[in-house]
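Enquirer: Let chain A serve as the given structure and place chain B on it in line with the hints.
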Amino acid sequence: MPTILMPALSPTMEEGKLAKWLKNVGDAVKPGDIIAEIETDKATMEVEAVDEGPLTSILIPAGTEGVKVNTPIAVIGEADAAAPPPAHAPGTLPYEATDSHTKPHAELQATVAAVKAAQPAPADPDIPAGTEMVQMTVREAIRAAMSEEMRRDPDVFLMGEEVGQYQGAYKISQGMLEEFGDKRVIDTPITEHGFTGIAVGAAFAGLKPIVEFMTFNFAMQAIDHIINSAAKTLYMSGGQMGCPIVFRGANGAAARVAAQHSQDYAAWYAQIPGLKVVMPYTAADAKGLMKAAIRDPNPVVFLENEILYGKSFDVPKLDDWVVPIGKARIARPGNDCTIVSFGIGMTYAHAAADKLADEGIDCEVIDLRSIRPLDLETVLASVRKTNRCVCVEEGYPRFSVTSELAAEIMTHAFDYLDAPVARVAGKDVPMPYAANLEKLALPNVDEVVAAVKGVVYAN
Amino acid sequence: MAVKSAYLARKGDKPPKGAKASDLKNSGFSAKEEIQAYRDMLLIRRFEEKAGQLYGMGLIGGFCHLYIGQEAVVVGMQMAAIEGDQVITSYRDHGHMLACGMDAGGVMAELTGRKGGISKGKGGSMHMFSREKNFYGGHGIVGAQVPLGAGLAFANKYRGNKNVSMAYFGDGAANQGQVYETFNMASIWKLPVIFVIENNRYAMGTASTRSTAASEALGARGEAFGIPAEQVDGMDVRAVKEAADRATEHCRSGEGPYILEMMTYRYRGHSMSDPAKYRTKEEVQKMREEQDPIEQVKARLLKSNRASEDDLKKIDAEIRDIVTKASDFATNDPLPDESELWTDIYVNA
Numbered sequence: 001m002p003t004i005l006m007p008a009l010s011p012t013m014e015e016g017k018l019a020k021w022l023k024n025v026g027d028a029v030k031p032g033d034i035i036a037e038i039e040t041d042k043a044t045m046e047v048e049a050v051d052e053g054p055l056t057s058i059l060i061p062a063g064t065e066g067v068k069v070n071t072p073i074a075v076i077g078e079a080d081a082a083a084p085p086p087a088h089a090p091g092t093l094p095y096e097a098t099d100s101h102t103k104p105h106a107e108l109q110a111t112v113a114a115v116k117a118a119q120p121a122p123a124d125p126d127i128p129a130g131t132e133m134v135q136m137t138v139r140e141a142i143r144a145a146m147s148e149e150m151r152r153d154p155d156v157f158l159m160g161e162e163v164g165q166y167q168g169a170y171k172i173s174q175g176m177l178e179e180f181g182d183k184r185v186i187d188t189p190i191t192e193h194g195f196t197g198i199a200v201g202a203a204f205a206g207l208k209p210i211v212e213f214m215t216f217n218f219a220m221q222a223i224d225h226i227i228n229s230a231a232k233t234l235y236m237s238g239g240q241m242g243c244p245i246v247f248r249g250a251n252g253a254a255a256r257v258a259a260q261h262s263q264d265y266a267a268w269y270a271q272i273p274g275l276k277v278v279m280p281y282t283a284a285d286a287k288g289l290m291k292a293a294i295r296d297p298n299p300v301v302f303l304e305n306e307i308l309y310g311k312s313f314d315v316p317k318l319d320d321w322v323v324p325i326g327k328a329r330i331a332r333p334g335n336d337c338t339i340v341s342f343g344i345g346m347t348y349a350h351a352a353a354d355k356l357a358d359e360g361i362d363c364e365v366i367d368l369r370s371i372r373p374l375d376l377e378t379v380l381a382s383v384r385k386t387n388r389c390v391c392v393e394e395g396y397p398r399f400s401v402t403s404e405l406a407a408e409i410m411t412h413a414f415d416y417l418d419a420p421v422a423r424v425a426g427k428d429v430p431m432p433y434a435a436n437l438e439k440l441a442l443p444n445v446d447e448v449v450a451a452v453k454g455v456v457y458a459n
Numbered sequence: 460m461a462v463k464s465a466y467l468a469r470k471g472d473k474p475p476k477g478a479k480a481s482d483l484k485n486s487g488f489s490a491k492e493e494i495q496a497y498r499d500m501l502l503i504r505r506f507e508e509k510a511g512q513l514y515g516m517g518l519i520g521g522f523c524h525l526y527i528g529q530e531a532v533v534v535g536m537q538m539a540a541i542e543g544d545q546v547i548t549s550y551r552d553h554g555h556m557l558a559c560g561m562d563a564g565g566v567m568a569e570l571t572g573r574k575g576g577i578s579k580g581k582g583g584s585m586h587m588f589s590r591e592k593n594f595y596g597g598h599g600i601v602g603a604q605v606p607l608g609a610g611l612a613f614a615n616k617y618r619g620n621k622n623v624s625m626a627y628f629g630d631g632a633a634n635q636g637q638v639y640e641t642f643n644m645a646s647i648w649k650l651p652v653i654f655v656i657e658n659n660r661y662a663m664g665t666a667s668t669r670s671t672a673a674s675e676a677l678g679a680r681g682e683a684f685g686i687p688a689e690q691v692d693g694m695d696v697r698a699v700k701e702a703a704d705r706a707t708e709h710c711r712s713g714e715g716p717y718i719l720e721m722m723t724y725r726y727r728g729h730s731m732s733d734p735a736k737y738r739t740k741e742e743v744q745k746m747r748e749e750q751d752p753i754e755q756v757k758a759r760l761l762k763s764n765r766a767s768e769d770d771l772k773k774i775d776a777e778i779r780d781i782v783t784k785a786s787d788f789a790t791n792d793p794l795p796d797e798s799e800l801w802t803d804i805y806v807n808a
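Order-wise, the sequence lines are chains A and B. Following the working numbering, the numbering of the first sequence begins with 1 at its first residue and continues without gaps. Following the working numbering, the numbering of the second sequence begins with 460 at its first residue and continues without gaps.
Since the hints were made in silico from the structure, they are not lab data. Careful, some of the hints might be misleading.
Unchecked claim - Derived BS3-like pairs: lysine-lysine, alpha-carbon spacing no greater than 27 Å straight-line: (1) Lys-649/B with Lys-621/B; (2) Lys-30/A with Lys-20/A; (3) Lys-649/B with Lys-183/A; (4) Lys-772/B with Lys-784/B; (5) Lys-621/B with Lys-183/A; (6) Lys-232/A with Lys-574/B; (7) Lys-183/A with Lys-616/B; (8) Lys-621/B with Lys-491/B; (9) Lys-784/B with Lys-592/B; (10) Lys-773/B with Lys-762/B; (11) Lys-17/A with Lys-68/A; (12) Lys-232/A with Lys-592/B; (13) Lys-509/B with Lys-574/B; (14) Lys-232/A with Lys-616/B; (15) Lys-592/B with Lys-616/B; (16) Lys-30/A with Lys-68/A.
Said to hold, decoys possible - A short list of chain B residues far from chain A (calculated; beta carbon distances all over 10 Å): (17) Glu-508; (18) Glu-542; (19) Thr-665; (20) Ser-670; (21) Glu-675; (22) Tyr-726; (23) Glu-741; (24) Gln-744; (25) Leu-761; (26) Asp-792.
Using N, Cα and C, we set each Cβ at its ideal position, and we do this for glycine too.
Looking at chain A on its own, in the form it has when it is part of the complex (with noise of 0.2 Å):
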């Protein structure tokens, strides 16, 4: 009797709502008929059914939120002898994925949310006291801060593939074409060399375009108009012309989906004078940045991450929350060892503190935030007092973000240092797409565990 399973509708999906029925108990099921709708982060979609029988039982009733992947929604076919498992009430099912192969990044994401779950979020300067907090996904602060923008300046705009009918392929920018209109959410044709150039080109002219890349694997078509054209005619034209252009998009490794989609670009762009980069980890970051990224008078390469669209973080709730660029941010205090990351890799920073706490050693990991220009100073004060660091991306090991930190805190910290400073990266091959190689090729919390304790000489 087939049991029909909650489906994994993108490469990063956990879980999602079960929305809705479009069968009842005993109707006649054939294949392709659509049984449900089921609502993941990203967008509504059909399930349709593969078998054929009468629909026997209903296992998740409709508007069931946080359907794990791959729990059995409903069974189809005759009635077995034994009886089909009870309809569960809503919020109360044992859920499991059963086919942890299918999500290599899940140990990766529960790091994600547990990292959360145990951080209470350190007392940032810049919020002042007593600010009421909000919980925000990373995709909604994004959105938040694109839309607080263009409410505040007729010269910003949207343009990119999918970000307006479609309402974003990773639906940072859903409602927003409705909101501000056609004229201000544009829909691009797959061609990214040339709207690209064309945002420049508007940007040279005064407006302020914010470009969204599908992801940034696509922007390597444009990478001629974001170096050449944005980022050095300023300087070519002795001051005169200026690019105020935000490009944005999901960066890095995703989940399962192998070389050409999975590449951090963090070292690329930030090694161009002209460029700012940076790249948030939580949401109040990503929406304070956002801002500050839109405002700022040059070129701004701003790098997210898809796992992290769908995690929620405090956001402070103030009119005009926005985070200076090239400012980074003590994310926990400590005073063993510094831990530098950014991104997606103060994942692994912070649940390494976590299990090197556990252990005594206090740990103070620095979240960068800005990669370009690149806040020196509050790494080397960090270093100087703890006197040893490891620094974690998940981009590639040579000529990368970490290598260039390592260089600079030899060069300013040399005398403080108690141990070599230490890296952890990506491992130096094209992302593999088999679930245990993809697994390897990312950095991990035992990696860094490891770097921490080679660094203060307790292994």
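Expert: Just chain B now, with coordinates in the frame of chain A:
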């Protein structure tokens, strides 16, 4: 070929190859327009000759691409421009800057890499800009200026003004993929941009017949995107101006982009370091003798008695004076201050 014939049927003029100026059915210029065209083209010619000379003396470095032979294109186009229209082009940009009214001394001083250069000596021959004169470069990457130019048009449309962006590119750039990505978007979004293809028959050292399919019907490529196009005798400034009038009117009335394929010719090599061995001296000589854009105007002015030899000599002397002054400035102005190395990388937020 169907596309080509449709394209040719719509254009106003016959292809210039082998055609004499007198064969072309152009509306006449007023005396004032003839004199203006003569003056503006002559300034570019003399300026470029001087730049070539300074390059030979080692006073200009790097790449230097001269516009000699193609003067009628930009001068005719600018005669149809109104205040606020933008111009953007490739690295063969000196003529466009002069036609936009940028100071000859500032342009020449940029070529010599001096403090008083348009880009403070930091851009050089290929990278100059003037916000004041709506000149948006000066781009060194072949084809990049085409989407950028459409972006300027996007801004015009966004702001609801009547301005038009003129995006110039050569027959070489016409093979770049981003050109067609731009044609597509300019057409669906009805952007007020004129794509001015300067077909000078050589992409660096490669004859367009060797590198380009249907190399004398580049405008016809707009057909696939629903963009109207004309092939124009780019050696005759009157034909250029007349086509530019139609194109600007089309764009200003909200009808979207327009393509003008200017059949033209460069007399010099691709850059100063190009001996141009890929074509015969006779070919160049024939173009100079039969179709030179400046000589055409000069002959008309004299024949129609709109100007005497003395009148033209007076203009020549004025032009030589401007170019000499520009050259003197460019060779005596100091090098940029070393502190300039670190300025203009970011706008202070």
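Enquirer: Next step is simple, just say for each hint if it's right about the structure.
Expert: Here is how each hint holds up against the structure:
1. Lys-649/B with Lys-621/B: 13 Å, holds
2. Lys-30/A with Lys-20/A: 18 Å, holds
3. Lys-649/B with Lys-183/A: 12 Å, holds
4. Lys-772/B with Lys-784/B: Judged against 27 Å, a Cα distance of about 18 Å means the pair holds.
5. Lys-621/B with Lys-183/A: Roughly 17 Å separates the two Cα atoms, so the pair holds.
6. Lys-232/A with Lys-574/B: Satisfied, since the Cα-Cα distance of roughly 19 Å is no more than 27 Å.
7. Lys-183/A with Lys-616/B: Roughly 10 Å between the alpha carbons, so the hint for Lys-183/A and Lys-616/B holds.
8. Lys-621/B with Lys-491/B: The hint holds at about 26 Å.
9. Lys-784/B with Lys-592/B: 21 Å, holds
10. Lys-773/B with Lys-762/B: 18 Å, holds
11. Lys-17/A with Lys-68/A: 9 Å, holds
12. Lys-232/A with Lys-592/B: 20 Å, holds
13. Lys-509/B with Lys-574/B: 20 Å, holds
14. Lys-232/A with Lys-616/B: Distance of about 26 Å is within 27 Å: holds.
15. Lys-592/B with Lys-616/B: With Cα atoms ~19 Å apart, Lys-592/B and Lys-616/B stay inside 27 Å; holds.
16. Lys-30/A with Lys-68/A: With Cα atoms ~25 Å apart, Lys-30/A and Lys-68/A stay inside 27 Å; holds.
17. Glu-508: With a cut-off of 10 Å, Glu-508/B remains clear of chain A, as the shortest Cβ separation is near 26 Å.
18. Glu-542: The claim stands: Glu-542/B keeps its Cβ more than 10 Å from every Cβ of chain A (closest is about 15 Å).
19. Thr-665: Check passes; 22 Å lies beyond 10 Å.
20. Ser-670: Holds, because the least Cβ-Cβ distance between Ser-670/B and chain A comes to about 20 Å, which exceeds 10 Å.
21. Glu-675: Holds, because the least Cβ-Cβ distance between Glu-675/B and chain A comes to about 25 Å, which exceeds 10 Å.
22. Tyr-726: At roughly 28 Å from the nearest Cβ of chain A, Tyr-726/B sits farther out than 10 Å, so the non-interface label holds.
23. Glu-741: Consistent with the label, Glu-741/B stays out of reach of chain A, its closest Cβ about 39 Å off (over 10 Å).
24. Gln-744: Answer for Gln-744/B: holds, closest chain A Cβ roughly 37 Å.
25. Leu-761: 42 Å, holds
26. Asp-792: 14 Å, holds
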